[in-house]
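As they're listed, the protein sequences go chains S and G. In terms of full-length UniProt numbering, the first sequence has 276 at position 276, counting the first letter as 1, and numbering is strictly consecutive. In terms of full-length UniProt numbering, the second sequence has 211 at position 211, counting the first letter as 1, and numbering is strictly consecutive.
Just so you know, the hints here were simulated from the structure itself, not pulled from any lab data. Just to be clear, a hint being listed does not mean it is correct.
Which copy is meant is left open, so a pair is good if it fits within one copy or across any two.
Claimed, not checked - Within a straight-line C-alpha distance of at most 25 Å, the following computed DMTMM-like cross-link-like pairs (lysine to aspartate or glutamate) qualify: (1) K34 to E212; (2) K235 to E212; (3) K347 to E212; (4) K297 to D85.
Protein chains: 2
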Amino acid sequence: DMTGLDGLVWLRGDVARVRAGTNMLALDRALRAKGRELRMFPSTKRTATIGGFVCGGSGGIGSVTWGGLRAPGNLLATRVVTMEDEPRAVELRGPDTRIVNHAYGTTGFVTELELPVEPAVDWCDMAVAFPDLAQAARFAHLLATQTGLQKKLVSVMDCRLLPYFAPLRNRVPAGRALVILMMAPAAIEPTRALIAREHGELCYSCNTAEAEDDPGHVPLYELTWNHTTLQVLKKDRSYTYLQTGFPPADALARVAALAAQFPDELLTHLEFLPMEGGMSCAGLPVIRFTDSARLDKIMAAHDAAGISVANPHVYTIEDGGAHRGLSPDLAADKRRFDPAGLLNPGKMRSFEALAGAPNGAERAAES
Amino acid sequence: DMTGLDGLVWLRGDVARVRAGTNMLALDRALRAKGRELRMFPSTKRTATIGGFVCGGSGGIGSVTWGGLRAPGNLLATRVVTMEDEPRAVELRGPDTRIVNHAYGTTGFVTELELPVEPAVDWCDMAVAFPDLAQAARFAHLLATQTGLQKKLVSVMDCRLLPYFAPLRNRVPAGRALVILMMAPAAIEPTRALIAREHGELCYSCNTAEAEDDPGHVPLYELTWNHTTLQVLKKDRSYTYLQTGFPPADALARVAALAAQFPDELLTHLEFLPMEGGMSCAGLPVIRFTDSARLDKIMAAHDAAGISVANPHVYTIEDGGAHRGLSPDLAADKRRFDPAGLLNPGKMRSFEALAGAPNGAERAAES
């Protein structure tokens, strides 16, 4: 529990230094009081700590503009306390931060983070309905690539997710695929024009901060990213999910093909963000669970279609598929900072293999 | 001359309403005093009016992030006074603004504009040298696609342009291709890391606003966009230029092929900006002028390589190639607002053809 280690260390222009245990909603409010806001946050903003987000997450609300957490410039520095006999506090800057970024705390205690923060924007939540998923996805892609429209979130949801979305289920006609947006004030009028041109129906709009501050309301970002699955699981435990990555080329065609291949089991959920120099999306499809063999088959179908799957149902960093963007030699980094392998044991398979024997042997090899 | 019609009408959050004759440097300073800045401006900011920029320009400094002036959301509304017997003031909003956007005043007097304005950023000018043009272009493309780095300008310059660039010529070793950047404060450290990783040499950096305010300095944006050619022409009138557009696919390969095809005549100058959903660039190559037959040959080579040319050496809107993004039926729009064809006569070929006869006949047809 890092929540005791909280608060803003300093704010200098467009950079903030924060303690790792700071709650993200509190942090965003503290920044807003100074005219700034978080560049990126997870759907779990109300409960997440900034350190937990960086160590365990890959992106979130804001990624449609700023890319993933690991994109250069989204994490400027971290302070890490090592798990050595005599702990050291190490400042990692720039590319060196990849040692802890998304490494689930295996490489040390992250105590402080330095992040870019944006001028506060008075965002507007919008929910737009389309007759089918393909039209919703096409509109979302179009909107995500509109460079003149400032945005924070572009999500697409299968019509079958709507019943689980309390703030929207009475406002959106049944059977419609949904696009969820957060747009800057100057973008609202042109976004409405684009919705009309593309034959969408704006079913709901609300100031994001007002929805966030009002106990009777829910900001729409709490229906997106990892919260989508959570909204379903709250009502029905027979579902699970996957995390997928669509290459920019033919992303929409691949989305349609996958949805068609598993019409009864795969409830499409897309989060748009730039990848590989183009606009693409990550999928967090909600899956009607049968058994693990069937889940393997669904994952194999993704693989065959050229869609990467970061399986959230495995324990180690490497098997989850998150290793790619990390330090190229994460186990060696862990040896430097946690020679005895005491942090999050079993989480890093490549380290366990390296160590071979219990902690003592590893420690002897290091010294 | 519209410069008497100047000043800010209002500023509400991220939207400003301005009079068309407002000088852009004065406007940007007025906005900065209120914590805002222009989303986009031309290299002629010191002398340009905002109305002139919108009526005659297609993009500029800021386009690497926000795209062209015609991208939805970059111009929210305009007020146009018609050239009818009884002039009307017409408010055009959203997509309707395309009637005047880049139409060179042929469709009416633009008197006011409504534009998104950004939170003011304390930009940093950077000039980075590379051994050759290909490396400079590759770095510029890489930097332009870095979603985590907030930027306002990414330009590439052939080494032979350097002697014409007074602020840089004594700081950059001869023979090096140049990348010119404007970066936000939080992006400076990660940009330096990227420059080092890509073996570039940071030869110059300076706060943009300080360079702009100091009579002894020049902000680097005054070496870019249309000013690049101007810097050359000030010293040598035997040059001319072209305006070209590279499709995102294989943009860098096309740049290299063109440069190789005309090694002695074509001095590459690229401005990076998003196009067709991907990152690409516009070229404003400086051309050593021989005769118009040779210039036609150079343009034909661009055409053969799939690179669009908006020829700045012709008079009419249509022949210049700027018509594509305009109203699909610009001549009909002109009939509505300027039935007698009194504004900028001869500039719109499609209208002249429609009119056929002198002004009287056209007026008769309209009434």
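Verification of the hints:
no.: 1; hint: K34 to E212; in the structure: within (18 Å within a copy, 28 Å between copies)
no.: 2; hint: K235 to E212; in the structure: within (23 Å within a copy, 60 Å between copies)
no.: 3; hint: K347 to E212; in the structure: neither (35 Å within a copy, 53 Å between copies)
no.: 4; hint: K297 to D85; in the structure: neither (46 Å within a copy, 73 Å between copies)
Comparing the model with each numbered hint stated earlier shows that hints 3, 4 do not hold.
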